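Letter by letter, the chains look like this.
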Amino acid sequence: MSLWVDKYRPRSLDDCHYHPELSSRLKSLAASGDFPHILFYGPSGAGKKTRIMATLRELYGPGVEKLRIDQRVFVTPSNRKLDVNVVQSNFHIELTPSDVGMYDRVVIQDILKEIAQTQQVDLNAKQKFKVVIINEADSLTRDAQAALRRTMEKYMTNMRLIMCANSTSKIIAPIRSRCLLVRVSAPSDEEMATVLTHVAKKERFHLPATASESIIEASDGNLRKALLVFEAMKMQRPDLEGDIDVARPDWETYCAKVADMILQEQSASRLLEVRAKIYELLSHCIPAHVVLKTIADRIVDKVDDELKASVVHYAAHYELRMRQGSKKIFHIEAFVAKIMSVVKQYALMGMTEDWE
Amino acid sequence: MATFGRLQTAPTPQDPRLQPWVEKYRPKTIDEVSSQDNTVAVLRKSLASTNLPHMLFYGPPGTGKTSTILALARQLFGPDLFRSRVLELNASDERGIKVVREKIKTFARETPRNAGVSSDGKTYPCPPYKLIILDEADSMTQDAQSALRRIMETYSRITRFCLVCNYVTRIIEPLASRCSKFRFRPLAQGSSQARIQMIADSEGVQADPGVLDLILQLANGDLRKAITYLQTAQRLHTAGDSPTPISVMSIHEISGVVPTNVVDGLLRSLGVEPGGGINTALATGFDGVRAEVRRVGREGWSAGQVLEQLHDALLPLATIPTIPKANAAIAIAECDKALCEGGDEELQLLECCLRIKEALGKA
Ligand SMILES: Nc1ncnc2c1ncn2[C@@H]1O[C@H](COP(=O)(O)OP(=O)(O)OP(=O)(O)O)[C@@H](O)[C@H]1O
Ligand SMILES: [Mg+2]
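Chains as they are written, first to last, in my numbering: chain V, 1 to 356; chain W, 1 to 363.
Isolated chain V (complex conformation):
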C-alpha cells in the first residue's frame, strides 16, 4: 500500500490541482515540439517533481511511467569507481548528482554524452529527443555546471535537460541563460485545503475544517509534509474531531528543547550539555543546517526584540561558515557559544552588541 503522497500524486498536467496557468503553459510547450531546456525552481514540497513527471507524460505518453533502475559504474580520472543508481524509462533518464558529491562532473559528462550520441530508434516515440532530469541542480558543483554549458547547445537535437532546484541563486549565469526558468510557488492555504479535501473524498471520509486548518498551519506551504502529517493524524485519530494537536516531528521538539537550554543558562558546562544534544540530532541524520535554523528560529521567538536581529545575524553567519567548512558541529557550537554570550551580555548590562 502506498502512502497518500504517492497514491494521490497527479499524473497528468490536467490533474494538477493548483497553478492552472502553469499547467497550461507547460502543456503548450510540450505540444510545440521545440521544447526548451527548463529549470524548475521553487520551495520544497511545492510540487516541482510532480509537474516535471506530468510534463514528461504530456511529451511522451504513459510510456514514461515504465521506470527501471539501473546500477551504473563510472570511472573518475583518478580511476576511482563510482556506483550510481539511475532511474530511467525509454524516453528519459533521471540523475541526482549530489549522490556522487565532488565527482558529479564525471557522471554528468558521461551520461549526457551517451544520451546525446544516441538517437531515438523507437519509431513510435513522440519526440526526437530524450530528456535528462537533474534533481537538486543547485547542489551541482561549479565544475559540473561548467561542463553543461556547451553540451546543452551542441546536443540539443537529441537531448533536453530538465533541472530541478530550490533556487536559481546557485546556478551559474551561463546555464540560466540556456534555460527557460519555470517557478513553482508553494500552494496557498486555500489551495492546500482543496487538495486535502480531495484526498479525504477519495478515501471516503469527512475532513473537519479545524483539522484541515491545523495541518496547513503546521506545514508551511509544503504539500508533501501536509499529506504526510494528514495520513499520520488519520491513523492516530480516525474521527479527526475536536481539538487535535498536529504531532511535531521529534527532532523539532528536541531542537526547541536545546534552544530553551541555551536561554536558561549561559555557561561552559551548559555548552557541553548542548553539544551532546546536537551530536544526538546529527547522528539521527537531521541535516546540520536544519538543526541550526530550527534552533535559531526558536531563540528568535523567545528573546526580546532588541536581540532578534543579532540572533539572525549570527545564524546567517555561522550557517554560511558551516557550508564552507567541513566539520558541521564546530560551527553549530560556535553559534551556540556566540548566542550565549550575546544573551548574557544583554541580561547583565542591558547592552546589545553592535555587530556591524
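Derived from the structure by calculation, the hints contain no laboratory data.
Warning: the hint list may mix true and false statements.
Claimed, not checked - To list a few chain V residues with every Cβ distance to chain W over 10 Å, as calculated:
| id | residue |
| --- | --- |
| 1 | V5 |
| 2 | D6 |
| 3 | G61 |
| 4 | Q71 |
| 5 | Q264 |
| 6 | A347 |
What the hints assert, rightly or not - For lysine to any residue, the following SDA-like pairs were computed, each having C-alpha atoms within a straight-line distance of at most 25 Å:
| id | chain 1 | residue 1 | chain 2 | residue 2 |
| --- | --- | --- | --- | --- |
| 7 | W | K103 | V | F74 |
| 8 | V | K308 | W | R290 |
| 9 | V | K308 | W | T280 |
| 10 | V | K154 | W | A108 |
| 11 | V | K327 | W | E334 |
| 12 | V | K128 | V | R224 |
| 13 | V | K27 | W | S242 |
| 14 | V | K302 | W | F286 |
| 15 | V | K154 | W | S34 |
| 16 | W | K362 | W | E273 |
| 17 | W | K98 | V | P77 |
| 18 | V | K113 | W | T106 |
| 19 | V | K154 | W | V100 |
| 20 | W | K362 | V | Q345 |
In this text, all values refer to a predicted model and were calculated from it rather than measured experimentally.
Virtual Cβ for every residue (Gly too), placed ideally from N, Cα, C.
Put chain W with the ligands on the given structure of chain V with help from the hints.
Structure of chain W with the ligands alone, referenced to chain V:
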C-alpha cells in the same frame, strides 16, 4: 538502452520547425553578429588578409562569442574543410592537459594545404593553418593553462588558437598576453532590436506594442535569453485554436522577474516608500520583516533575484542620505556573496533586510 542505437552518421538535420530559435538563428556569418561592431570589423579585416592572431573572446553569456568564432571558422574554411581544419574542445570534454596535448598533437600533425573551390561552388580563403577553439576556457585548471602555453608555441606555425570564456580573470596572464583580446559587451538595446525584430518577422510573431522592447530590457544584454523569451511567449500565445498577440503580461511571467508588489511589500517593511524615500512610519517590527521574507520564499522567488531588484529599487532614491545608503549597499553586496557561497536563502535574505532596515533607521 533497448530503444537507443548508436548514431553512426552525423545527426540528421532537424526539421527547422522543431528547432529552438536560438540555434536556428545563430549567425551564419560574422556580418550577422549584431552589436559587436568593433570585434566584427577587426575580424573582417583578418578574414580578408587571412592572417589570424591567437584570440581570446570574453564577455557575459549570450553575447555572441561562440557564434562569432564558429561563423568565422566557417567563412575561413568552408563546409568541406571545416571538419579537418577546426577542432572544438569545451569544458564538457575531458580536458586534463594530457588529453588536450594528445588531441592537439594528432590534430596538428598533418600540415594543412590550401584548397581550391569548395563543393558549394564558393571559394574560401583556407589559410594554411588549423584553428583550435577552446570554448569555456575559464574552467580549465591553472596547470592545464600553463601547459597550453607551451603547446601554443610548439605548434604556432600551423595552428591558431581561440580561447572563449565568460570570466577573463580566470585566464592566466601569460596565456592571455599571447592572444588578441576581444571583449563582447552585453548587447545594447538599440542594436539588438533589429535582430529580434528580424526573428519575430520571419516567424510571423504577433505582439502587442512594447513587447519586443520589454523582452530586450528584461534579457539585460543576453540575446540568447531574449530569443528564448520570444519563442516561449509565441508558443503560449499560439497554442490554442485562436492565437492571440503576445502580451506584456506573459513576458513578465516568463522572465521570472519579481513583480513590483512583492518588492514593494518588502521595501515598506524596511521603512522605505517605493519610489519615494525613507518613511520609518511604514517600517514593521521584526515579525513584519520576517513575514515578508518568508512570503518571498514561499512564492519561490530566488533570493538572488529579489536582492538584485531590491538594490535597483533602493539605490536610485535621491532622498536617502549617502551613509545609510552605502551601508545598505554593503549589506546587499555581502548577502549576494553569501548566497553565491551557498548560504541559506531565507536566513541570508532576512539578515540582509534587517541590516538595511537598521542602516536606514539611522538616517
Ligand atoms: N551578437 C549576436 N548577434 C546575433 N545573435 C546573437 C548574438 N549574441 C547571441 N546571439 C544569439 O544567442 C545565441 C547564443 O549565442 P552564443 O552561443 O554566441 O553566446 P556566447 O557568447 O557564446 O554565450 P556563453 O558565454 O553562454 O557561451 C545564438 O545562437 C544567437 O541566436
Ligand atoms: Mg558560448
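Hints versus structure:
no. : hint            : verdict
1   : V5              : holds, 19 Å
2   : D6              : holds, 23 Å
3   : G61             : holds, 14 Å
4   : Q71             : holds, 14 Å
5   : Q264            : holds, 22 Å
6   : A347            : holds, 19 Å
7   : W:K103 - V:F74  : holds, 23 Å
8   : V:K308 - W:R290 : holds, 11 Å
9   : V:K308 - W:T280 : holds, 19 Å
10  : V:K154 - W:A108 : holds, 24 Å
11  : V:K327 - W:E334 : holds, 23 Å
12  : V:K128 - V:R224 : violated, 34 Å
13  : V:K27 - W:S242  : holds, 16 Å
14  : V:K302 - W:F286 : holds, 13 Å
15  : V:K154 - W:S34  : holds, 22 Å
16  : W:K362 - W:E273 : holds, 16 Å
17  : W:K98 - V:P77   : holds, 11 Å
18  : V:K113 - W:T106 : holds, 22 Å
19  : V:K154 - W:V100 : holds, 20 Å
20  : W:K362 - V:Q345 : holds, 23 Å
Hint 12 alone, counting from the list given before, is not met by this structure.
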